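A.B. asks: Here is how the chains run, residue by residue.
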Amino acid sequence: MTPLLQAGLAGIRRSGVRLFVLLLLVAGVTGCAGRLNKASALFYADKPQKALAELEKGDWFGQRNQLLFLMERGVVLHQLGRYQESADSLLQAENQINRFERLSISEQLGSLVTTEWLSRYQGEYSERLWVHTYLMMDFLLLGRYDSALVEAKQALELFGRYPAALKEAYFSRALIALCFANVAEDNDAYLVYRRLADDLPDPTPVAADLVAISGRLGQLDEVRHYRPYLPRPLPTGAGELVLFVASGRIPRKRPGNIVLPPSIRFSFPYYKSSRSPAVRVEVVPAYPALPVLSTNLAGVVERSLEERKLAIIAKETARVAGKEALAQAIGNEHGNAAEAVVRVSLFLLEEPDTRSWQMLPGRLTLVRIPLPAGRHRLRLELSSAGDLSRRTINLPAFDLRPGQRVFRSVRF
Amino acid sequence: MKRHLHKMLLPLLVLLVGCTVTTREVAPNEKVIYDAGYHFSDEKMIVADMVKSLLSKPPLVRSTDRPVLIVYGIANRTSEHISTSAITDDIRQALLESGRVRIVNETQRKNIERETSYQYGGSVAADTRIRKARQVGAKYMLTGTLRSIKKDQPRQFRLKKKTLMYYSLNLELTDIQTGLIEWADSVDVIRESSSPFIGW
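In order, the protein sequence lines correspond to chains A and B. For the first sequence, the positions run 1 to 412 when the numbering used here is used. For the second sequence, the positions run 1 to 200 when the numbering used here is used.
With the rest of the complex left out, here is chain A (with noise of 0.2 Å):
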């Protein structure tokens, strides 16, 4: 040790060890992410059983991952089929999520003098509305109509709270309307793909929807407007094949630093403009699909965390201003060489919130076959357009009533 740093720590003696005793929890508070880390590699290893398992190993995670903990399992106990358990978890995150309405003065507080991480994580607008999102699939997977649209509603009004944010989020929004069109609640879901209609680069995608709901409606003007934009031939069926196709994974926030002379450090997270490469489905024997709707995950997340920036660089300053006169403070009253130990501490605490739900697709595409009613045995034919890849999916048999739509879930 320097006889600078045995001063320095001589100096702080008192005031110091309890400083250096919060700044080891604090360290170990930000080491333990590990495990969802563990639990997100083996599921993208194609292990999700081992993922399920590293995350059921307890509540290692303590409050502050809570939410994390809850939306990941959440997404594992959907891609192995088990619905009404990933809608349980996914559940208690909602409930989590409510409860972040409150402001904890306690937790603000703490986080402000050290580091983000030891607030708990409340999630991004997108990853909000995605616990919806596979909420609504769960549920509609279960046949649990009245309970996804639940969702669907709650989803529309964190819509009316994030719009720019979630516009792009095509793929929920669609499936909010389905779950209306669902349960026929023909109003509701013609309000919601006509503002779909608008915010879409072309219509096309849900123009069948809003003829039929418009046609119902006696709205005649509007089917007018949205005929011209029906997909030619328009595939029909007695009932329909409605598949959630999940594909590639999302990326992962990534700390971003700016350092100012004598010890500053701003921190903050920040998502690396990424698309993930569009999936094309076709099933065996030969249907053929509506226009299909997509998103692209990163993209909305990204504009999310940009909703944000404002709040981030508020607190992001109070925190640095408060770091600055801590260590001022420490110099004043302890001299030079305690300040410098002090300022370097308070640097290397300084840690961007790189938390995230890591388990999400990369895109979410909703798939809609028209289908004769019957006893179906279907096979998928999965590919990427990025990378080339291709998967075949051998869906279970499955019987169609006229007027009725089946749901199945696949992730690519």
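Read the hints as simulated data drawn from the structure, not as lab findings. As the structure is a computational prediction, the values presented were derived from the model and not from experiment. Accuracy of the hints is not assured; some may be wrong.
Taking CB as the label site, the calculated pair distances span [unchecked claim]:
#, chain 1, residue 1, chain 2, residue 2, range
1, B, Leu180, A, Thr392, 51 to 59 Å
2, A, Gly374, B, Arg147, 31 to 39 Å
3, A, Gln66, B, Lys162, 26 to 34 Å
Far from chain B by the CB rule (all over 12 Å, computed), these chain A residues [said to hold, decoys possible]:
#, residue
4, Lys57
5, Phe180
6, Arg275
7, Ala286
8, Ala337
9, Glu381
Virtual Cβ for every residue (Gly too), placed ideally from N, Cα, C.
On the provided structure of chain A, position chain B as indicated by the hints.
C.D. replies: The following block gives chain B in isolation, referenced to the frame of chain A:
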């Protein structure tokens, strides 16, 4: 040291009292409301009002032959996960207790079929078997929808968030033969709550 003892003990005492786990019995008819959401006391009130209306208005008020009803599920069109089967269970029970109607057990149809098949499977004495094709057909069908509208106070600088919740349960009695709605009524619950934005 002794001088400061009470200063140290007082916060500790407050903390201990605050952390104590307490439980108490709640009477079924007691109104306990924590927030603007749907509560079990709402269910009791809704069921009582609807059953009273159903039995005191035509067609049931003038029926003397205990007409047969089938109670179908109530569709949940709210933005909360509310178990509407609890409402139908309570309605069914209240109607049966009135003694004015008879109700087909729709939820047990599969079990009735299974039991009937078992009785005719060879294990049950012929003279104790139930007779087939003796079930009673329903004359009326009771259906309903629970809806809600939630309004949050607009975002502005304030310490409390106010929420207004409106619940409406609509019930309909349909004559299965004619397809006509013979009775319909609704009951509303409107509630405002406020909760702090900031907590410790």
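A.B. asks: State for each hint whether it applies.
C.D. replies: Hints, verified against the model:
no.	hint	result
1	B:Leu180 x A:Thr392: 51 to 59 Å	54 Å, holds
2	A:Gly374 x B:Arg147: 31 to 39 Å	36 Å, holds
3	A:Gln66 x B:Lys162: 26 to 34 Å	28 Å, holds
4	Lys57	28 Å, holds
5	Phe180	10 Å, violated
6	Arg275	33 Å, holds
7	Ala286	37 Å, holds
8	Ala337	34 Å, holds
9	Glu381	37 Å, holds
Violated hints amount to a single one, hint 5; each of the other numbered hints is respected by the structure.
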